[in-house]
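Trainee: Residue strings, one per chain:
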Amino acid sequence: MKTIAIIPAFNEFDRLQGVNREVLPFVDHIVVVDDGSREPLREQLDSNPAITILRHTINLGKGAALKTGVMWAIDHGYEAVVFIDADGQHDPKEIPSLLRPILEQRAEIVFGVREFHGRMPLIARAGNHLLTKAMQVLYRIQVDDSQSGFRALKISAFEKIAWQSPRYAVETEMIVNTGKHHVPFVQVPITTIYHDRYKGTTVIDGIRIMINILAWKIL
Amino acid sequence: MNIIQIIALLFVLWMTYFSFLHYRRREFSLWEFAFWQVIWLGLAVVVLFPGPTKFVIEKLHFTRAFDLLTAGGILLLFGATFRNYVVVRRTDKRLEELVRKIALSKD
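Chain order of the listed sequences is A and B. When we follow numbering that gives the first Met the number 0, the leftmost residue of the first sequence carries the number 0, and every step to the right adds one. When we follow numbering that gives the first Met the number 0, the leftmost residue of the second sequence carries the number 0, and every step to the right adds one.
The reader is advised that the hints may include incorrect statements.
[To be verified] Quick list of simulated restraints, FRET-style, between CB atoms:
hint, chain 1, residue 1, chain 2, residue 2, range
1, B, Trp30, A, Arg207, 56 to 62 Å
2, B, Leu9, A, Gln43, 52 to 58 Å
3, B, Ile2, A, Ile57, 18 to 24 Å
4, B, Thr69, A, Asp74, 53 to 59 Å
5, A, Asp74, B, Phe32, 44 to 50 Å
6, A, Gln135, B, Arg82, 56 to 62 Å
7, B, Asn83, A, Asp13, 54 to 60 Å
8, A, Glu42, B, Thr90, 25 to 31 Å
[Claimed, not checked] Chain A residues, not near chain B, derived (Cβ > 10 Å throughout):
hint, residue
9, Val32
10, His55
11, Thr67
12, Asp74
13, Gly87
In case anyone wonders, no lab produced these hints; they're calculated from the structure. Glycine included, every Cβ here is placed at the ideal spot set by N, Cα and C.
Chain B with its partners taken away, still in its complex shape:
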């Protein structure tokens, strides 16, 4: 096992613990917890047994499994950023409308 694999496994364990923590605090539903566990478990499998990913790596013209993970991670980050932007905008808008409604109703 090389150093990158060890770091990646520690990351997986850390994130698994955090997912469980959110589930225990009832901030995640069972389904949300399961979804994130599948993601972390998948990451662990790819890190420990990179062999089967070779097919995908060759198809996509990557040289290493790590490059595939990095590219996938960046795509996920863009997706998550966009999703966060949409949610924050929507929440801002609703908050503004609510605050205005309260202000006008207390006149």
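Next comes chain A alone, as it looks inside the complex:
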């Protein structure tokens, strides 16, 4: 199965090079989607035929960047994708465990589930818990981490999972669509590496995601 990693990146100059280097042994190709960074990432990264850099001329958001990456993967005949963040908070060594359920045909989408511990701010933990619970109750889908960005997807399932959210609600919408279309899924525990201050979903993002969760149910 041809595999590809999609890395959405916005002004992530410091760690991306290292992330690419660590991810490459586990996939056939990497697509970095530069989501309108101040300085084009193409100029910051070493050229490598196994790494493609696509650039959004303006910042559209993580959801739009992931979609651009998937479109590229479809055009080039890849069969499974791994979504991984550019800031180095995911451990690339866990990519095989994310891809395994897809390769073994046990799942079409695999969600990485973080362990919530003290390094994540209390407000972020509480917000994640609230969003996850709301999603579980409203959509009857047992995914224990609604905001983790470390995931794997079988390309053939993309049509069912396809999201509209251009920004951070993409993580939640993927799960909602998984539930709506009864896409077989598996959860895999992942570790989270905290390099510096917490850079995940903000309180405002959380409120927006909650509004989306409710809106998707009604509309």
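Knowing the structure of chain A, use the given hints to seat chain B on it.
Mentor: The following block gives chain B in isolation, referenced to the frame of chain A:
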């Protein structure tokens, strides 16, 4: 003329000037300019001669012309908000598709 009428007339003059400004900058077509002029002129007529609106006010169980204007204004605002929402969503979507197309074509 009471204070509300004076404020309303100043508002009408202000908006007339703005409509003209947009027309002069070619941001409005002649038809768009005419449409907004009719709206502002209508508002001025209702403000200056509220008498003929009495029939409508009684029919709709309002007590004053001003209440009718307020209710009408709120309805218009809801309409304009909805229209803006639709236009912004459509523009966002088209922008996203365009940016993606450029990104994929430059690969």
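Trainee: Taking each numbered hint in turn, which are not upheld by the structure, reported in ascending numerical order?
Mentor: Structure breaks hints 1, 3, 6, 7, 9, 10, 11, 12.
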